Every structure is written in C-alpha cells, then in structure tokens.
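Q: As a plain string of letters, each chain reads:
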Amino acid sequence: DGGITQSPKYLFRKEGQNVTLSCEQNLNHDAMYWYRQDPGQGLRLIYYSQIVNDFQKGDIAEGYSVSREKKESFPLTVTSAQKNPTAFYLCASQRYTEAFFGQGTRLTVV
Amino acid sequence: AQSVTQPDIHITVSEGASLELRCNYSYGATPYLFWYVQSPGQGLQLLLKYFSGDTLVQGIKGFEAEFKRSQSSFNLRKPSVHWSDAAEYFCAVVRDDKIIFGKGTRLHILP
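Chains A and B supply the protein sequences, listed in that same order. Start counting at 1 in the first sequence, then tack on 2, and there's your number in the numbering used here. Start counting at 1 in the second sequence, then tack on 6, and there's your number in the numbering used here.
A portion of the hints provided could be inaccurate.
Taking CB as the label site, the calculated pair distances span [to be verified]: (1) B/H114 / A/Y98: 25 to 35 Å; (2) A/E71 / B/S76: 45 to 55 Å; (3) B/R28 / A/P41: 15 to 25 Å; (4) B/A23 / A/K72: 41 to 51 Å; (5) B/P46 / A/E64: 21 to 31 Å; (6) B/H88 / A/N20: 35 to 45 Å.
These are computed hints drawn from the structure, not numbers from a lab. Being a predicted model, the structure only gives us computed values, none of them experimental. We put the CB at the ideal spot given by N, CA and C, even for glycine.
Chain B extracted, bound-state conformation (with noise of 0.2 Å):
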C-alpha cells in the first residue's frame, strides 16, 4: 500500500518566489516523517524531519516543514528559493522499521 504521495512530479517558480511542496501520508497515527533532497547524480541529504511535538519543523537551507495530522499532511516550504534550491526532492515516512520514500518532485528555478 502507497505510504507516501507527492502529487506534483514537477513544480516550476521563479528565483524568489516561495514554495511549497505537498507530501501526504497514509500509514500510521503518529508517523515519523521526513524530507530529503538530492541534486542530479548524487545522493540524498536530510533536510528535515518530525517525530513529535512542535508541528512545524525547521530545517537546513532555510526550509520547514507543517505536520498536519488532521490533513494527512508533511509539505515542504521555503519563503524565497534560490537558484541552488533546483532538484529533486523526497518525502518519506518510516514504516516497519523502513524508510519508505514518495515518488519525488522536481523543483525547477526560473531565473
């Protein structure tokens, strides 16, 4: 069963415009969530996570994060992207004991 969507494959905005990115969840009460990032070729960097408490979760680069329990929800936002914010970017949840990760969205900048 699909544990993790990401409705948008790609998303397009122009350098300085906020952002967000939807990741909705199907697999238990209190999940352990995460968003992960990868650039072209590489492989993934953590940029947050949620385990409990503060529904809204500070990352790295600038990017946070909204557990919405009654939504089913973990979306990534960001105020004002920079150009280095283009790539490929991951939810995932833990399900027993795994990490099991969405199909991604590709951020695209426009200059």
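In isolation and in its complexed conformation, chain A is listed as follows (with noise of 0.2 Å):
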C-alpha cells in the first residue's frame, strides 16, 4: 500500500535534548512538508521541500530543523532551540495540490 509513514506514534524527550521525527513515503511525491497542530491553532507549516536536496522555510521554521536526501524521506529535528516543542507533528506530502497526510508524532518534552 501507497502512503506516508510517521514514527514513533508517541515520543517522550528531555527538555534541551534534540530529537528526530521520522516521514517516509512510497507515493513517489516530489513535496514534501511538515506542520505543526497545536489545540485551536490549526496546522502550521514548519518547513516542505519541493525537490530533493532543497527545502524552504515555512511560517515557523525556528527550533526546527530538516533534511531531504532521498525524495522518499523528509525528517525533521526540533533542538533544543525550539521554546516550546510539545505539540503534535504531520508530515505530508503532495501531489500537483493535493496533500497526503501521515498519522502523526505526537511529542513530549518533559
């Protein structure tokens, strides 16, 4: 089956430590993203690569950090710098303008 693959479901950190969110997909996209949902925020956009080896800032990039060195493979790294990192992450992916969203990492920093 085609689609997107989010671990760990449920990642537990200590505050000031890096941590690496895993998205891969097999649907053959060239974008890719990653948002951030918070309660009552809606989805906001971190970072999305549009082709390998390239990727943008969204509208919350600080703290964050991404990679993209296979099309199949987008991870994204909150460090340390990022103040407040407990929230719930979705990766997508996209095709012409439809997104294909993964089931989520939901972080917890203690």
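Could you use the hints to bring the two separately framed chains together as a complex?
A: In structure tokens:
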C-alpha cells in the first residue's frame, strides 16, 4: 500500500535534547511538508521541500531543522532551541495541489 | 495574512440533523480549496476539493461543499450527520504552492 509513514507515534524527550521525527513516503511525490498542530491553532507550516536536496522555511521554522537527501524521506529535527516543542507533528506529501498526510507523531518534552 | 478563516471553533448538532461548517478565504481570484477531516490523534483525510467548474462539489462520506465567489466562501454541508462524523474539520487553500489551513472546527454530535 502506498502512503506516508511517520514514526514513532509517541515520543518523549527531556528538555534540552534534540529529537528527530521520521517521515517516509512511497507515493513518489516530489513535495513534502512538516506541520505542527496545537489545540485551536490549526496546522502551521514548519518546513517544506519541493525537490530532493532543497527545502524552505515555513511560517514557524525557528528551532527546527530538516534534510531531504532522498525523495522518500524528510526527517524533522526538533532542536533544543525550540522553546515549546510539545505538540502534534504531521508530515505530508503533495501531488499537484492535494496533500496526503501521515498519522502524526505526538512529541512530549518533559 | 490570514488566507482561510473558519469562524466557528466548535459546532454541536444532533445526530440526524443537517450540518453546515463555514469557511471564508482571502487569497486568489480562483483559489484551489479543500476540506479535510481529522479524527483525534490521527492524520488528515481529504473530504473534497474545488479547483474549477461546477461550484457544488461532492465528496466522500456524504459531504458536499459550495464555492461562492461573491462571498469568498466554501462551506461544507451534510444533510444528515452520523455519530461517526464527530471530528475536527479543516478548510484549506493553496497559496504560493503551499497548502494553508484554517484553525479548524470541532464537530460534536448529540445522540
């Protein structure tokens, strides 16, 4: 089955530690996205990549980093510089103008 | 600049009643518009989309939406809701090749 896989589903980290969220797709889509979701805030764009080895900042990129070395993979690192990292993170890939979403990773920083 | 506005944060309807969720957009003369649904702790699923043509769009799960250019609206409707429709609903628009989402409307269903 084609789709987008995010792992892990739940992630706990201590404050001050970097953590990497995985996102893999086998849909052969060029574009991939990371969104952050907080209650009442909708989905806010963190980073996006339209093609391998290239990516752009979204609206809330501070404290995050990404890489796009392969078409299938777009990992997101939440760094210690992110002041409030506890949130639900969604990865998506895009074909034309339609986005397909993974099941999300809930990150809790304690 | 805000591209998508969903004025209602929460909506409660009785099972079997009709539903309308509001969405207003502020980008583009002919926008690409979407409605997505999210169950708790899950990703988003596309309900329907509008690119051009017929302004009444049919989607999955019995949902439809109507594009009204004069009102800059793309409201989602369902004639009779089921308890399984309880979820959060997001309207979205394409802006600069990115999909921008509204803040969502949470739908509650009364038995």
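Q: Going back to the hint list, which numbers does this structure go against?
A: Hint check: nothing fails, all pass.
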